[in-house]
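**Student:** This is what each chain is made of:
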Amino acid sequence: MLSYLRSKAFTSELPYIIFFRIFQIFEFTIIALFIHSLLVSKKLKKIILFSIIPFALFSILMFWIRPKQYIDSIPAIVEALLLIIFFIFYFYEKIKTVYQYPLTQTISFWISVAFFMYFTGNFFFFIFIDTDAQGKFPKEYFVVYAFFTLIKNIILCLALFAKEPTQESQELQIPDDLNLDDFLPENHKPES
Amino acid sequence: MQASPEASNGANVILFGSVGMGILAVCIIIFAILHQRKVIRYHLQLKKLEAEKQQIYLEASVRFQEEERQRIAADLHDDAGPLLATARLYLNENLVNLDKATQLQNIFSAKQIIDDSILLIRNISHSLMPPTLKNFGLESATVDLFQKISGSGVINASARFHDYRERLKEEQEMLVFRVIQEIVNNIIKHSNSAFIHLTQNATPANSYIRIHHDGKGIVQTEFDRLSQVANGLGLKNIASRIKVLNGRILFEIDSSHTYYKVTIEIPKEPIGS
Numbered sequence: 001m002l003s004y005l006r007s008k009a010f011t012s013e014l015p016y017i018i019f020f021r022i023f024q025i026f027e028f029t030i031i032a033l034f035i036h037s038l039l040v041s042k043k044l045k046k047i048i049l050f051s052i053i054p055f056a057l058f059s060i061l062m063f064w065i066r067p068k069q070y071i072d073s074i075p076a077i078v079e080a081l082l083l084i085i086f087f088i089f090y091f092y093e094k095i096k097t098v099y100q101y102p103l104t105q106t107i108s109f110w111i112s113v114a115f116f117m118y119f120t121g122n123f124f125f126f127i128f129i130d131t132d133a134q135g136k137f138p139k140e141y142f143v144v145y146a147f148f149t150l151i152k153n154i155i156l157c158l159a160l161f162a163k164e165p166t167q168e169s170q171e172l173q174i175p176d177d178l179n180l181d182d183f184l185p186e187n188h189k190p191e192s
Numbered sequence: 001m002q003a004s005p006e007a008s009n010g011a012n013v014i015l016f017g018s019v020g021m022g023i024l025a026v027c028i029i030i031f032a033i034l035h036q037r038k039v040i041r042y043h044l045q046l047k048k049l050e051a052e053k054q055q056i057y058l059e060a061s062v063r064f065q066e067e068e069r070q071r072i073a074a075d076l077h078d079d080a081g082p083l084l085a086t087a088r089l090y091l092n093e094n095l096v097n098l099d100k101a102t103q104l105q106n107i108f109s110a111k112q113i114i115d116d117s118i119l120l121i122r123n124i125s126h127s128l129m130p131p132t133l134k135n136f137g138l139e140s141a142t143v144d145l146f147q148k149i150s151g152s153g154v155i156n157a158s159a160r161f162h163d164y165r166e167r168l169k170e171e172q173e174m175l176v177f178r179v180i181q182e183i184v185n186n187i188i189k190h191s192n193s194a195f196i197h198l199t200q201n202a203t204p205a206n207s208y209i210r211i212h213h214d215g216k217g218i219v220q221t222e223f224d225r226l227s228q229v230a231n232g233l234g235l236k237n238i239a240s241r242i243k244v245l246n247g248r249i250l251f252e253i254d255s256s257h258t259y260y261k262v263t264i265e266i267p268k269e270p271i272g273s
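Those protein sequence lines, which keep their order, are chains X and C.
Residue numbers for the first sequence follow my numbering, so the first one is 1 and each next one is one higher.
Residue numbers for the second sequence follow my numbering, so the first one is 1 and each next one is one higher.
These are calculated hints, taken from the structure and not from any lab test.
There could be a bad hint or two in this list.
Taking lysine to aspartate or glutamate and the EDC-like style, the derived pairs with C-alpha atoms no more than 16 Å apart in a straight line are [as the list claims (entries may be wrong)]: (1) Lys261/C <-> Asp181/X; (2) Lys38/C <-> Glu93/X; (3) Lys236/C <-> Asp224/C; (4) Lys243/C <-> Glu52/C; (5) Lys68/X <-> Glu13/X; (6) Lys96/X <-> Asp177/X.
Covered stretches of chain X (chain C as the covering partner; in silico rule of three or more C-beta atoms under 8 Å from a C-beta of chain C) [claimed, not checked]: (7) 34 to 44; (8) 53 to 63; (9) 114 to 124.
If you want the ones that stay clear, here's a sample from chain X, every Cβ over 12 Å from chain C, calculated [what the hints assert, rightly or not]: (10) Leu14; (11) Tyr16; (12) Arg21; (13) Ile22; (14) Glu27; (15) Leu49; (16) Ala80; (17) Ile129.
Beta carbons: idealized from backbone N, C-alpha and C, even for Gly.
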């Protein structure tokens, strides 16, 4: 989608770069809020919530003071680092809390795994992204990024198939042909 | 086109760094999954032990209650009955100094009261430990209970057992009977219904008892709530007895909203287990 926007929607580079930075803030906000919704600890929730605005301000500041590139490595590193820490918070909380069913049965866990893999795997890519902007690295360089993005997308797709455990039904397993309702109130006559 | 050494170095750093980070991430995820499974297993074991302990307590308390009832029933029947009968004889001797008409009147009244007392004690004894249940089983005791209720003329009551060839164990029958008694008492006391009907049926694994009535009843959510509150002793007893039986109970209302039904599922236990 970004490539399409880059080639078709934006005629000059600056609007695309602005759009890309806004997208980055938006991406961070959505993922942070997602982790926020999964956490139980109020302290951790607060940390996540209060990180959104500073990150947005930091990103704007970086846009202001740093050279205008498609991807600026510093906000990208900060974003990845913060999200990796938040996901570690999430995993830490999950292993500390007792649940009745395995984590692997929940959709939210697999979504977290997908993004965690994506940000950890691409962390080095984000560190060196500035260098690539100068066209110094070979194209194979992007294979790493593509690989982890693919893994993320596959896990996200698989997350859709995760079967969330439901509350045990209180319905009794009475066979349909078991005669328990032969009696009708209007026809009721006491047995002699 | 050959890549510069700087580019090649950078690519290597990215490659190894990313692979390393990827492996680290996978390790963290695997650790979280395995650790959480271990914790779940441990807690399930604890829960199982706790449930077993609770089951033992419940069984002990119910058994104690039943033994106590049996003792009271025996005391009432063997001691209170003869004592009252003797009191009646003493009463006859103390009345000799009164005039004849009063004597006769008093004696008649005293006899009447004592006879009623004896009958009352006998009834108490039977309600505490129904002899029919002990001697003839759940089916006879239930049918007997329903006939008595119907005979009182307050409510139209009937019970039908479709498949009770394979009897439940004695202690199970006792618990089921107490549950039925409690439900029926509640229906008579609170529901203002015109009839109660009990149907029994069975599958190879379970025995089912369903009670219908046309009064004001409760549904499962209300049962769950009421059996948690401090004053819901009757419903609590039902819940604890059902738990001891390893059974389940379901309070429902008919789709036509004309009558309520209570279904009890009792797993059949092999004799001797």
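**Student:** Indicate, hint by hint, whether the structure satisfies it.
**Tutor:** How the hints compare with the structure:
no.: 1; hint: Lys261/C <-> Asp181/X; in the structure: holds (10 Å)
no.: 2; hint: Lys38/C <-> Glu93/X; in the structure: holds (15 Å)
no.: 3; hint: Lys236/C <-> Asp224/C; in the structure: holds (9 Å)
no.: 4; hint: Lys243/C <-> Glu52/C; in the structure: holds (11 Å)
no.: 5; hint: Lys68/X <-> Glu13/X; in the structure: holds (9 Å)
no.: 6; hint: Lys96/X <-> Asp177/X; in the structure: violated (47 Å)
no.: 7; hint: 34 to 44; in the structure: violated (count 0)
no.: 8; hint: 53 to 63; in the structure: violated (count 0)
no.: 9; hint: 114 to 124; in the structure: holds (count 7)
no.: 10; hint: Leu14; in the structure: holds (27 Å)
no.: 11; hint: Tyr16; in the structure: holds (24 Å)
no.: 12; hint: Arg21; in the structure: holds (23 Å)
no.: 13; hint: Ile22; in the structure: holds (27 Å)
no.: 14; hint: Glu27; in the structure: holds (18 Å)
no.: 15; hint: Leu49; in the structure: holds (23 Å)
no.: 16; hint: Ala80; in the structure: violated (10 Å)
no.: 17; hint: Ile129; in the structure: violated (10 Å)
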